[in-house]
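Visitor: Could you put the whole structure together from the sequences, leaning on the hints where they help?
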Amino acid sequence: MAGLAQAPQIAADSATFDLSRQALRDLNQFLHTGLGGVKKVKVLNPDGAHNIAVGVDAPIDIEVDGHAGYYAGGMNKLARILIRGNAGPGLAEGMTSGTVHVKGFASVSAGAAAHGGLLVVEGDTSLRCGISMKGIDIVVGGSVGDFSAFMAQAGRLVICGNAGDALGDSLYEAVIYVRGKVKSLGADAGEEPMKEADYAAVADLLGRAGLRHDPKQFRRIASKRELYHWNADANQEY
Amino acid sequence: MCGIVGLLVKKPELREQLGELMLPMLIGMTERGPDSAGMAVFTAPVADDRRKLSLYSGTGTFDWTAFENAARATLGAETILNVQANHGVLETAAPVAGARQWIRAEFPGLHVLSAGQYIDLYKDIGAPAEVADRYDFRQLKGSHLVGHTRMATESAVTPDRAHPFTAGEDWCLVHNGSLSNPYQIRRKLEPLGIEFETDNDTEAACRYFEWRMREGDNLEAAIRSGFEELDGFYTFLMGTRDELALVRDAFACKPAIIAETDDYVAISSEFRSLAKLPDIKNAKIFEPVPEEIYVWRA
Chain A
25 MAGLAQAPQI
35 AADSATFDLS
45 RQALRDLNQF
55 LHTGLGGVKK
65 VKVLNPDGAH
75 NIAVGVDAPI
85 DIEVDGHAGY
95 YAGGMNKLAR
105 ILIRGNAGPG
115 LAEGMTSGTV
125 HVKGFASVSA
135 GAAAHGGLLV
145 VEGDTSLRCG
155 ISMKGIDIVV
165 GGSVGDFSAF
175 MAQAGRLVIC
185 GNAGDALGDS
195 LYEAVIYVRG
205 KVKSLGADAG
215 EEPMKEADYA
225 AVADLLGRAG
235 LRHDPKQFRR
245 IASKRELYHW
255 NADANQEY
Chain B
153 MCGIVGLLVK
163 KPELREQLGE
173 LMLPMLIGMT
183 ERGPDSAGMA
193 VFTAPVADDR
203 RKLSLYSGTG
213 TFDWTAFENA
223 ARATLGAETI
233 LNVQANHGVL
243 ETAAPVAGAR
253 QWIRAEFPGL
263 HVLSAGQYID
273 LYKDIGAPAE
283 VADRYDFRQL
293 KGSHLVGHTR
303 MATESAVTPD
313 RAHPFTAGED
323 WCLVHNGSLS
333 NPYQIRRKLE
343 PLGIEFETDN
353 DTEAACRYFE
363 WRMREGDNLE
373 AAIRSGFEEL
383 DGFYTFLMGT
393 RDELALVRDA
403 FACKPAIIAE
413 TDDYVAISSE
423 FRSLAKLPDI
433 KNAKIFEPVP
443 EEIYVWRA
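As they're listed, the protein sequences go chains A and B. Remember, this note's numbering sits 24 above the position in the first sequence when you count from 1. Remember, this note's numbering sits 152 above the position in the second sequence when you count from 1.
Hints listed in this document are in silico derivations from the structure and should not be mistaken for laboratory results. Built from N, CA and C at the ideal position, the CB exists for glycine as well. Each hint should be verified, as a subset may be incorrect.
To spell it out: a stretch of chain B is covered by chain A in this simulated footprint if at least three of its residues, at any positions, have a beta carbon under 8 Å from a beta carbon of chain A; those stretches are [unchecked claim]: (1) 366-380; (2) 429-443.
Each computed DSS-like pair below joins lysine-lysine, with the alpha-carbon atoms no more than 25 Å apart [claimed, not checked]: (3) A:Lys66 <-> B:Lys428; (4) A:Lys219 <-> A:Lys248; (5) B:Lys406 <-> A:Lys127; (6) B:Lys433 <-> A:Lys66; (7) B:Lys406 <-> A:Lys207.
Guide: Now the structure itself:
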């Protein structure tokens, strides 16, 4: 990555950054303070760089043409971020609104602690997808790794493939919809019957994610709420 | 934090370019490990009755010529020494144990980094690019290699605490993570006569696996027993004379990514260190899952 600050190529309402020649910091500063009338930003040669398009606060389209490293789209607000590749750990961490859409797979902690918006990963995610999610909707086209939705507080996690161990451990009020097999449920996570509102929610989320599955194939996992209150008789066995 | 890199070339003609292909991978992991770097390369083997020992002379000046003369006199006239800065590779028909003992007695400042028919090993403190330059990593040739960039967390920044670690012959290990029971492992191995050279946690894992294999485990069985015995976080990358092996702990806290083409298997902590590899756009890229043992054969 060149250390020299170089202006992006701007044409009409779009701009292009080539991270093989331009510094990541210049990209992010442009996204934060230099947009002007630009509505579309294209990022070339991301090559696994960290922190691509973090902290954006504008209703623009950002397209990343390749693989992103840690924390891509973190703290996103309003922007629609498309990653044409894979994403590293901490994808869309702390997002509040907007969308982050990954065509490939995502590493650990995708959507962690995020308050809102929509995260779509067309491939698999690694462990801890949606850990401590606080209102985000996450749709995973593939499977999720162990400990996904650990301590998830609010929002919905739709898993089109399978889930690993300890799915939804210590869940609060987030809801998980899973289509494939669950290796094991975590403490206090339980399967509940799907209602019409659940089918509608899954259909809506799949539609927004551009994934085609029959909502009837999904099952609902939610908190059994047995951990909400201290149970002296539980003998530390949950 | 640390960075790991591994590269195995599938076509014999690519063995000439092994170092050149690897160099951007190692330098790409500088931010994960700026304080030390190391590289084990598995080369064409020396004859069956000969062994190579990689030696490190420390930061002071060392009279390699005097050492070479003494080695020839003691270990045999056929002994050969190749020196690269403060590293030397000694090739000899003398038994490894005897050579180690002689070096320790006569040249106590000289540190034996590795021994075997295939392995050469270089490790030192400094930024990865500096270390690579010092030992001319670009010129490395062989079938596969195991490299590391270190950001020390649990023991001092010294050349002998840099990775890779070795034990026995033609075996090495690098580690991203930290073990919480290295002293428990030491207390288990030391009464068996296994000696430790540093207080580094990774050395405990390295000697543990090598001990298991010496006891008859194959590599996979040794790693499986490590799931029970080694406590902590790890992505381990290991090299034997004809294999690269990768394993992550059950929680996969430490990253790893693999890119495979018809020409190579490349392993790194992060994709950014693989981004410069040829044909990377068409490589099969995947993240290894926890507690699964990945082995590639050279």
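Visitor: Would you mind marking each hint as holding or not holding in the structure?
Guide: Tested hints:
| no. | hint | in the structure |
| --- | --- | --- |
| 1 | 366-380 | violated (count 0) |
| 2 | 429-443 | holds (count 5) |
| 3 | A:Lys66 <-> B:Lys428 | 21 Å, holds |
| 4 | A:Lys219 <-> A:Lys248 | 17 Å, holds |
| 5 | B:Lys406 <-> A:Lys127 | 23 Å, holds |
| 6 | B:Lys433 <-> A:Lys66 | 18 Å, holds |
| 7 | B:Lys406 <-> A:Lys207 | 22 Å, holds |
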